[in-house]
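Undergrad: Protein chains in written order, with my numbering: chain A, 1 to 247; chain B, 1 to 247.
It is worth saying that the hints were derived from the structure and are not from the lab. Hints are not guaranteed to be accurate.
[Said to hold, decoys possible] Keeping only pairs whose Cα atoms sit at most 25 Å apart, straight-line, the calculated PhoX-like set for lysine-lysine is: (1) A/Lys135 - A/Lys155; (2) A/Lys48 - B/Lys135; (3) B/Lys48 - B/Lys155; (4) A/Lys135 - B/Lys135; (5) A/Lys34 - A/Lys48; (6) B/Lys34 - B/Lys48.
[Stated by the list, open to error] Reference excerpt, derived from the structure (chain B facing chain A, CB under 10 Å, subset only): (7) Met78; (8) Arg91; (9) Ala95; (10) Leu139; (11) Ser143; (12) Gly217; (13) Ser218; (14) Glu227; (15) Leu243.
Built from N, CA and C at the ideal position, the CB exists for glycine as well.
2 protein chains.
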Amino acid sequence: MRTAFTDLAGVEHPITLIANALGTPPPGLVTRAKQEGVAVAALVGQPKHAVRQLAAGVDLLIAQGTEAGGHTGTIATMVLTPEIVQLAEGRPVLAAGGIASGRQMAAALALGADGVWCGSVWLSSAEDVANTATKDKFLAATSSDTLRSPTRTGKPARQLRSAWHDEWERPNSPPPLPMPLQPLLVSEAWQRIDAAAEAGHEGALRLESFFIGQVVGSLRAVRPAAEITRQIIADCEQRIAELGGML
Amino acid sequence: MRTAFTDLAGVEHPITLIANALGTPPPGLVTRAKQEGVAVAALVGQPKHAVRQLAAGVDLLIAQGTEAGGHTGTIATMVLTPEIVQLAEGRPVLAAGGIASGRQMAAALALGADGVWCGSVWLSSAEDVANTATKDKFLAATSSDTLRSPTRTGKPARQLRSAWHDEWERPNSPPPLPMPLQPLLVSEAWQRIDAAAEAGHEGALRLESFFIGQVVGSLRAVRPAAEITRQIIADCEQRIAELGGML
């Protein structure tokens, strides 16, 4: 069943899933989604978030570890996933954070997840709309090149470390503002950085960054999303078969 | 083959493995160990550490993720393990960090590890010598209750968060000293905290802490080490069998 929530926030496409990334969904949204047969998911970074989301009526949980890109907590996927699976009491749980390969997907399933929720790996897909300057930096980066920083959104979010962070971390730099003031402060600057980096400006290329998880170190080429997906699934199945052979 | 390195640092027991936790082993130690048939291992938190350790001649690598207790880097086990397995080119790799259950062991094997290296879970063993005050705090803690802090050793090490860290983080507190000066500064204070906490002193109980990983949230009871080990292995085998059934 696919419903168009055309009255909500300019959504024009039929919806099959609403995923909440920061906080619990408003009760009206959950009620409406249930009436329309639309599943409601929530990303959680701590067990206490899962308790709140289940109380709010979400249908499935996404356990997002600290290694994920964007807004993350501090608990790693290896530790968080089994905790959320236990709290979910049979509701589906997807694991997120650190998953860009079939072996990592197999590990997530071993932890008890029903599936995986990938983000960073799609930034290496041909379909992704990020500019070339950003993608080139991702392909050159290692797993040590990310950090959780509040300097873009006002809340800690994992992103590629760049000269931007060096500037904000200087002893005489002001602390970032809380959400939503920090994005209001820096979004225009980021539009200029992105445009100048894409035009090849050296300073802008040093500043250039975007949200990405620690798996950035494993991204080596831009490939079609369908090819990435097929390889993750095939490698996951192969790894599970190999594990079975160890018994 | 088991050799007594009785001339080295007061070691009186036959050795089967030498594991280096901070930096590469001295060349003389590697040469001697190879002559005596003693395996040399190294804990690594970044791919570049693995490159250095392999150049130094270590026989096996332990990929230790940020979720581990003690001195850790920032890369999570989910991301680090496959990177180290790839660099090891067939040498054995153990995964460490976030592993205290059979499902977590199965996940580590799925990531390509040949085995696991557990630390925190032994702090919940009956054989462990930590004081009762510390163990009680571990059993009551959640996965959110650890942090990486340099306030004990001078280098970032994951430990249970306590009033100790609140004090060091006050705006007017001095920064911790580098290793090895910080342990010289605080080790006597820690002896007093441990003794007073064990005697039930309220302030000391608030300060009490020790090195532990994020799996602390899954420790619920003190059990014999043999029982912990047997359960991890049995649950790992069961989970691998369950995964096979999904294919």
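Undergrad: Close enough to count: is the Cβ of serine 143 of chain B nearer than 10 Å to one in chain A?
TA: Since the shortest Cβ distance to chain A is 5 Å, the answer is holds.
Undergrad: Is the straight-line distance between the alpha-carbon of lysine 34 of chain A and that of lysine 48 of chain A 25 Å or less?
TA: This hinted pair holds, its Cα atoms lying about 23 Å apart.
Undergrad: Take the shortest C-beta to C-beta distance between glutamate 227 of chain B and chain A; is it under 10 Å?
TA: With Cβ-Cβ at 19 Å, over 10 Å, it is violated.
Undergrad: Quick check on the hint: methionine 78 of chain B CB to chain A CB, less than 10 Å?
TA: Hint on methionine 78 of chain B: holds, closest Cβ of chain A at ~3 Å, below 10 Å.
Undergrad: For the pair supplied as a hint, lysine 48 of chain A and lysine 135 of chain B, is the alpha-carbon distance within the 25 Å limit?
TA: holds, 23 Å
Undergrad: Do the numbers back the hint for glycine 217 of chain B, that is, is its least Cβ distance to chain A under 10 Å?
TA: At about 7 Å, which falls below the 10 Å cut-off, the nearest Cβ of chain A leaves the hint on glycine 217 of chain B intact, so it holds.
Undergrad: Hint check: is the beta carbon of alanine 95 of chain B less than 10 Å from a beta carbon of chain A?
TA: Holds. Min distance 9 Å.
Undergrad: Quickly compare the C-alpha distance for lysine 34 of chain B and lysine 48 of chain B to 25 Å and report which way the hint goes.
TA: holds, 23 Å
Undergrad: Return the status of the interface hint for arginine 91 of chain B: holds when the least beta-carbon distance to chain A is below 10 Å, violated otherwise.
TA: violated, 18 Å
Undergrad: A closest beta-carbon separation below 10 Å is what the hint needs, so does leucine 139 of chain B meet it against chain A?
TA: Not OK, violated: leucine 139 of chain B not within 10 Å of chain A, min 16 Å.
Undergrad: Hinted pair, alpha-carbon criterion (25 Å max): lysine 48 of chain B, lysine 155 of chain B. Please report holds or violated.
TA: Answer holds: lysine 48 of chain B to lysine 155 of chain B is near 18 Å, not above 25 Å.
Undergrad: Is the interface hint for leucine 243 of chain B satisfied, with its Cβ closer than 10 Å to some Cβ of chain A?
TA: Given a least distance of 5 Å, the restraint on leucine 243 of chain B holds.
Of the numbered hints given earlier, the model fails hints 4, 8, 10 and 14; all others are met.
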